[in-house]
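K.L.:
Residue numbers (full-length UniProt numbering): 1 to 724.
Since the hints were made in silico from the structure, they are not lab data. Treat the numbers as computed from the prediction; the structure is a model and nothing was measured. Some hints here could point you the wrong way.
[Claimed, not checked] Across the chosen pairs, the derived CB separations fall in these ranges:
| id | residue 1 | residue 2 | range |
| --- | --- | --- | --- |
| 1 | R251 | W625 | 41 to 51 Å |
| 2 | D245 | K660 | 29 to 39 Å |
| 3 | S158 | K493 | 21 to 31 Å |
[Unchecked claim] Computed cross-link-like contacts, BS3-like style, restricted to lysine-lysine with a CA-CA straight-line distance of at most 25 Å:
| id | residue 1 | residue 2 |
| --- | --- | --- |
| 4 | K357 | K418 |
| 5 | K29 | K81 |
| 6 | K406 | K461 |
| 7 | K343 | K259 |
| 8 | K418 | K304 |
| 9 | K493 | K470 |
| 10 | K491 | K537 |
Every residue gets a Cβ at the ideal spot worked out from N, C-alpha and C, and that includes glycine.
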Amino acid sequence: MEIVESTLDIPVQDPPEEEFSSADLIWTKFGTAEHHDDVALIPYARVDEFIIGECSNVECPTRFHIERGRKRSMGSLKESKSDEYLEYRLYWCSFGPENYGEGGGVLPSRRYRLNTRNRAARPQSMRGCTCHFVVKRLYARPALALIIFNERRHINKSGFVCHGPLDKDAIGPGAKKIPYISNEIQQQTMSMIYLGIPEENVLEKHIEYVQRYGGSDATVSTLASQYVRKLGMIIKRSTHELDLDDQASIRMWVERNKKSIFFYQDTSETDPFILGIQTEWQLQQMVRFGHRSLIAADSTFGIKRLKYPLCTLLVFDSRQHALPVAWVITRSVAKPDVAKWMKALLDRARSVDPGWKINGFVIDDAAMEIDPIRQDIFALKDAFCCPILFSIWRVRGSWLRNVVKKCSNIEVQREIFKRLGEIVYSIWGGLDTSVALEELILDFVDQSAFMEYFKSTWVPKIEMWLSTIKTFPLASQEASGAIEAYHVKLKTKLFDDSHLGALQRVDWLVHKLTTELHSAYWLDRYADESDSFQHVKEEYIASTSWHRALQIPDSAVTLDDKGHLFAKVASQKDSSRTHLVWNPGSDFAFCDCAWSMQGNFCKHVIKVNMICENAKGCRPSMSFWSFREILIDLCKKPMDDSIGLDESVAWTHQMLDQIKQLVELNSSNDIGIVVNNMPLKWISKKGRTFVGIPASLPALPSDSKTITKNVQKSRKRKRLSRLR
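Produce the entire structure from the sequences given, and follow the hints as far as they go.
P.N.:
Below, the structure is given as C-alpha cells:
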C-alpha cells in the first residue's frame, strides 16, 4: 500500500450507517517509510458514533476510555503541519493496559488514581488488551478528525485474544456488570468445579460469598449464577492440547502462564528440558510454611510411565501435612541443571522475603549419593545452605509392596520383611551387611519370584542405600507418612485409567497439576483455615496415617507379653475385628490391613510404634536411633584435640537448647508462660531521625517557629524557580 505523507491526500469518509467502526472504513498508510500508521479521516462530529460502533464489536465487545488528552487554542501555532492537532485524545480498550496478561510483562502499580473518564469497572476486567487508537481534531481543518489506529486487534502482548467470546480463558464480555469477585472467590469456585462438586452446590457457595460484597440483590444472584455456569463451561471445554505437537503446546502454555513459572529451559542439543511450575498461591505457602522449617522432595514420580519424571517440593503446613509448593518436570539430574532451577526457586522466595531460609531438606532417593545424581546433594547445600535428612518411605514401601505381591504366604511375608528391617538396623550394630544378605537369600531360596526381583533390583545398590541411611539423619515416621500421603494422592489423580493415553504428553501433566491437583490442595487449606466445607476439612485432616493413628485410643492396642513379637489393634469401625502388627516398634513392622498390604505406612503400625516408645524392651524408631548416633559421634572427639572437643561440646549444647525450647513450646498450652520464661533483652529506644539532619541538633530558640516558616518558604521559592 502506498504511504501518504500529507493529510491533504487522505480522502474524508462519512459512512451512511448511524454507528460505524474501523471495519467500515478504508485505512491509509500515513507517515514515512521508516514509521507509518493506519489512519482515516472522518467528520469530527461523528467521532462519538465511531467510538460507539467500535465498542459494539461482536467478537470483542468492550468500552474505550480516554487514557491521555491534550488541547491547543486556535492561533497558538504560527506554523503548522497538516496533521497538527487542535485536540488530541488517546483511547484505550478498558480490558487493558494495567496488566499485559500472563504472556507479557506487568506494568508497575500506579501510586495515584488516573483522573480519566470511563475507566474499567473492576480490576478483573483489565486483561492486558493492547487495542488503542488516537483521535486528532486537525488544527488546520477543525471540522475533521484524523483517526490513527496503533493496534486494531484485541490481543495482549503475546498475540493472544484476551477478552470476549474468542478468549477461552475469559469469564465473559460483561465483566463490568458482574459483581465483585475476588481472587479467593474465583479460586474457590474453580476448585469446586475441577473437583467435580455438583453445580448446584457450587452455585450455592458462590452466591453466598458474592453476597458478602454485593448484598442479597436479585440481580447479583442472577449474574453470579451466570458467572458460575460460564466458568464451568469454560473449564469443561478447556483442553491440555494447545497444539498437536506436545513441545509446541508446552511453549504456548509457558507463554500464557509466565507468572506460574519460576524456571523454563527448552530442549536443545546442549540443554535438557526443564520446566519449573509454581503458582502465586504456592509461593505464598512456601514462604509461609517453609521459613525456618523443612522442605521435602518427592523426587522420582513417574520415572517409568511419564515422558519426563516429576519432582515435587513439599512443605509441611500447620497440621504437618505435605503441601506441594513447586513442581519440576525434567529428566536431568546433573548438578548444573539442578542448580539452575533451585537457584531460581530460591531467588523467587527471597524476592518476597529476603530473610527466607529453611532448616532442613528431606530427600527420599539414595541415588543422589552416586554420580551424576550425587552432585544434586551438593546443589542442595549450595542453594539452601541447610542440613539434609533422608526419608526411608520409598525403600520401605517398595520392599513391602513386592513382598506382598511376590510371596503368597502371609507368614513368609512377615518374616522376610522383618529380616529386611534387621539388615537396615544392622548398620548401627556393626554387623556385616553382605553376610546378612547371603543368609536372607539362602533362607528364602524357595521364594524365587521375590528373590529374583531383590537380587536384580536392590542387591547391586543396597550398599549405597544403607550408606545413605547411615550418613544422613533420618526423617520421622510423621514426615515420611506425610510425603507418602501426597505421593498416593498424586498417583490417584494422574494414573486414572481414563488418562493412560496421555501419559507421554507434558502438556497433559502440566494441565492436571495446575488444575485438579492445585485446586484440591487449595480447597483443603481453605476449608481448614475458614472452617467451611466440613466434609472436605475432615477428609483433609485424616489424609495422613499419622493423624488417623492419633484417633486410635491407647486402650485399643495390646502388646504381646512374650518378647513383644506382635501387637493387636482393635478396629474402630468394627469392634469384632482386630489387626495384627508383627515386629512392633520397628519402622519395618508388618500389618495385615489392606492399606499396609499396598505398601503404605498404615495407622495401626504408627499407633503401635507410638505405644512402644514408652514400653520396655522395644527398639526405638530409626529416626531416633539415627539422631542418637549423631550425638554420640559428636562426643567421640579425641581428648588431646582440645579445640575439636570444645567445638563438639558447643554444638551439642546449642542443639540441646534448641530441642528443649521446641519441646517446651509444643507441650505448652499457654504461649504466655513460654514468653514469660524467656530472658529479658534490654534495648535502647531509638530516637526519631530525619534524612539530612543530624539526630543531635541543639535546641531551637524561642522564635524557632518563625525561623522554620522562613526556611520552608525559601525552599519553596527555590523549587518554583527550578521549575520555571
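K.L.:
Taking the hints in turn, state whether each one holds.
P.N.:
Taking the hints in turn, this is what the structure says about them:
Separation of R251 from W625 is about 50 Å and conforms to the stated range, judged on CB atoms against 41 to 51 Å. At roughly 59 Å, the beta carbons of D245 and K660 sit outside the given window of 29 to 39 Å. Checking the proposed 21 to 31 Å range against S158 and K493 shows it holds: the Cβ atoms sit about 29 Å from each other. A distance of roughly 39 Å separates the Cα atoms of K357 and K418; the hinted pair therefore is violated under the 25 Å criterion.
A threshold of 25 Å between alpha carbons decides the hint, and for K29 with K81 the separation of about 17 Å falls inside it, so the pair holds. Proximity of K406 to K461 is assessed by CA-CA distance (about 21 Å); at most 25 Å being required, the pair is judged to hold. With a CA separation close to 17 Å, the supplied pair K343 and K259 stays within the 25 Å bound. Taking the CA atoms of K418 and K304, the gap is about 28 Å. The hint is violated against a cut of 25 Å.
Restraint check: the Cα-Cα separation between K493 and K470 comes to about 34 Å, which exceeds 25 Å; the hinted pair is violated. Note on K491 and K537: the hinted pairing holds, with a Cα-Cα distance of about 21 Å set against a maximum of 25 Å.
Comparing the model with each numbered hint stated earlier shows that hints 2, 4, 8, 9 do not hold.
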